Amino acid sequence: MKELVLDFFSFSDPNVRYVVFGSILLSVSSAIVGCFTFLKKKALVGDVISHAVLPGICLSFMISGTKDPFLLIIGAFITGWLSIVVMDYIIQNSKIKEDTATGLSLSVFFGLGILLLTYIQHSGNAAQSGLDSFLFGKAAALVGKDLVAFGIIAIAILVVVFFFYKEFKLLAFDSAFAKSTGIPVKRIELILSSITVMAVVTGIQAVGVVLMAAMLITPAAAARFWTDRLPYMLLFAAIIGAFSGLTGAFISYAAPAMPTGPWIVMVVSLIAVFSFFFAPKKGIVIRLVKQRKIQRRLLEENILKSLYKIGEINDDFELARNQAEITEMRRFTPNQLVSGLKRLRLQGFINKKNNLWSLTQEGYQKGQRVVRLHRLWELYLTKYLRIAPDHVHEDAENIEHVITPELEKKLEALLEYPEYDPHQTEIPYRQ
Amino acid sequence: MIKNVDNPALEIHDLTVSYDRKPVLWGVDLTVPVGSIAAIIGPNGAGKSTLIKSIMGLIELSSGYSKIFGEDLNDIRSRVSYVPQKESVDWDFPASVLDIVMMGRYAAIGLFKRPRKADKEAALLALDQVGMLAFKERQISQLSGGQQQRVFLARALTQQADIYFMDEPFAGVDAATEKTIIQLLKKLAAQGKTIIVVHHDLQSVTSYFDWVIMLNLRLVASGPTDEVFTTKLIEETYGGKLTLLSEVGELMKKEQFPAREK
Chain A
1 MKELVLDFFS
11 FSDPNVRYVV
21 FGSILLSVSS
31 AIVGCFTFLK
41 KKALVGDVIS
51 HAVLPGICLS
61 FMISGTKDPF
71 LLIIGAFITG
81 WLSIVVMDYI
91 IQNSKIKEDT
101 ATGLSLSVFF
111 GLGILLLTYI
121 QHSGNAAQSG
131 LDSFLFGKAA
141 ALVGKDLVAF
151 GIIAIAILVV
161 VFFFYKEFKL
171 LAFDSAFAKS
181 TGIPVKRIEL
191 ILSSITVMAV
201 VTGIQAVGVV
211 LMAAMLITPA
221 AAARFWTDRL
231 PYMLLFAAII
241 GAFSGLTGAF
251 ISYAAPAMPT
261 GPWIVMVVSL
271 IAVFSFFFAP
281 KKGIVIRLVK
291 QRKIQRRLLE
301 ENILKSLYKI
311 GEINDDFELA
321 RNQAEITEMR
331 RFTPNQLVSG
341 LKRLRLQGFI
351 NKKNNLWSLT
361 QEGYQKGQRV
371 VRLHRLWELY
381 LTKYLRIAPD
391 HVHEDAENIE
401 HVITPELEKK
411 LEALLEYPEY
421 DPHQTEIPYR
431 Q
Chain B
1 MIKNVDNPAL
11 EIHDLTVSYD
21 RKPVLWGVDL
31 TVPVGSIAAI
41 IGPNGAGKST
51 LIKSIMGLIE
61 LSSGYSKIFG
71 EDLNDIRSRV
81 SYVPQKESVD
91 WDFPASVLDI
101 VMMGRYAAIG
111 LFKRPRKADK
121 EAALLALDQV
131 GMLAFKERQI
141 SQLSGGQQQR
151 VFLARALTQQ
161 ADIYFMDEPF
171 AGVDAATEKT
181 IIQLLKKLAA
191 QGKTIIVVHH
201 DLQSVTSYFD
211 WVIMLNLRLV
221 ASGPTDEVFT
231 TKLIEETYGG
241 KLTLLSEVGE
251 LMKKEQFPAR
261 EK
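Here the protein sequences line up with chains A and B, keeping their order.
Under the numbering used here, think of the first position of the first sequence as 1, with each following residue one higher.
Under the numbering used here, think of the first position of the second sequence as 1, with each following residue one higher.
The hints are simulated quantities; they were obtained by calculation from the structure and are not laboratory data.
Since the model is a prediction, treat every value here as computed from it, not as a measurement.
Take these hints with a grain of salt, some might be off.
[Claimed, not checked] Computed cross-link-like contacts, BS3-like style, restricted to lysine-lysine with a CA-CA straight-line distance of at most 30 Å:
id, chain 1, residue 1, chain 2, residue 2
1, B, 53, A, 95
2, B, 53, A, 179
3, B, 136, A, 290
4, B, 179, A, 409
5, A, 40, B, 179
6, B, 53, A, 41
7, A, 95, B, 136
8, B, 232, A, 179
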């Protein structure tokens, strides 16, 4: 394994060099362009272009009779670009909505491409073999000439993004405002779609028509999870793209039966899935952990409140109670109650003796506070929102856990430290 | 009741706008004097936003033209500022408050150039004027509705324009923001700037605005608030659409008729 890694990263084999640098170049350039398509909510545009590129490649081959990458790229560029023009024209000049126009443009161009490809394959032209690799891509077959073409296009894309960065950003956020300030919105849109087409055209030779959309959008979607600033988003997307390009190339080198392009897409998708679950702030896992914490807190506060209320009814806060008494006060499932009680004991809010539970001084204060907030909130609702006293309980059950100490003080001051809640129950204050 | 002035800040001449051939504004003809704070009022679907958007060249006109300080919009863009409805953008965009406010300077900075220090200073000053300086690094998705509106206003201020078109700046904002905005608008008007605002709340028209444009598919009235903001004209504006006018519009859409004979 170690040898394999060393061999690969020495880049002494020119084939490895072509594949690695080709993959990285195309992944990075499509990732950066993809950020803007993603932010403009035009994720499917990449899909349209990549499918529309096929007829261009075929036509270019039929006219020139060679597989010169530069000639094929030109053909691909023309039809790819045409597909966006057609799509925009349909949206603007007919009643057809954007989603339909997208599907229409995609399928018509791709259908034409397949038609031409089939025709070429049956024409008996010996030079045609390998054209179908555009369908699914063939990064491992990249040669020096491809790499030069990729390099030029990637650099062109980066230069364009660098110079039009602020306009692209403004257009993605608020194009009506951009237009009102006199910025040539239409021309800049044209430039953006042109570099999108260019990114797709380069990428397609490695990952193919079908997977190309993923190369554009997935790095951007993944990067968005990790940052709230556009420059970092571009940077992260580029890094994710480069890493996927490199990893994809390595996997196909280490296991020769493995294709490069699909592996690049696999890696990029795995990163996106990982981000979706584990990104700080926005990841699902963090959100679940937060929710679980809240659920636990609700349970704990409700147990303390129940113990307090039992004490209130019997006018004895010292006496220890059993679980049945607590459940009588409020319905807890046995499992919930046991785990809640255990945690509260560890936190020092309750004591346990012979399977009986009693509040500690701190637990008493905490339970009392929840009861106090509940009753204050009920009073607030009846007084300020004019809600009938028999309708305020449910709402207060929830709000009693939300109110912060600052809000508590405000609430008390606003209601002038009332003695009774709307049900004429005494509101307990800290002694 | 349409009152016209000489040397207006805004002149609209015989403006007709159609969506899918159906006219949504018919032959609007009006002038607004320099230095006024004007409200465009009218019921939902009266064409208020459409009027502003067509002045800003965002919608194609079926007929007519508008002139700002006697000139075509394209010759005078740098003196004009537009504040779109805050709902028209996605606030979950990866940018800070300062980023957004700086966008007001982009056109003046020009293509291929980066914002300079002076542009940043202008943005900070504008943020200070709307009371949002403390929020300059805040991610925009964390702003309240009122704060979003202030950010849009700050962005417009950085344009240092002479005429401002604002689409519902008072919609969905808190009382404090509303107060900040109106004070700012009055300050701008005192400096001789003209402000034209799409407005919804009839209660505040007399205290906020000195000029009122009343729309309901057609122009009902345009003039000083104390002359045109009368019960009779309000009733005419809000008293339902002219049935015949709407029917003709629907017919034009159905038959795909042009708004003007060519």
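Okay, the hints, checked on the actual structure:
no. : hint              : result
1   : 53(B) <-> 95(A)   : holds, 22 Å
2   : 53(B) <-> 179(A)  : holds, 11 Å
3   : 136(B) <-> 290(A) : holds, 28 Å
4   : 179(B) <-> 409(A) : holds, 28 Å
5   : 40(A) <-> 179(B)  : violated, 34 Å
6   : 53(B) <-> 41(A)   : holds, 23 Å
7   : 95(A) <-> 136(B)  : violated, 42 Å
8   : 232(B) <-> 179(A) : violated, 39 Å
Hint compliance for this structure: hints 5, 7 and 8 are broken, all remaining hints hold.
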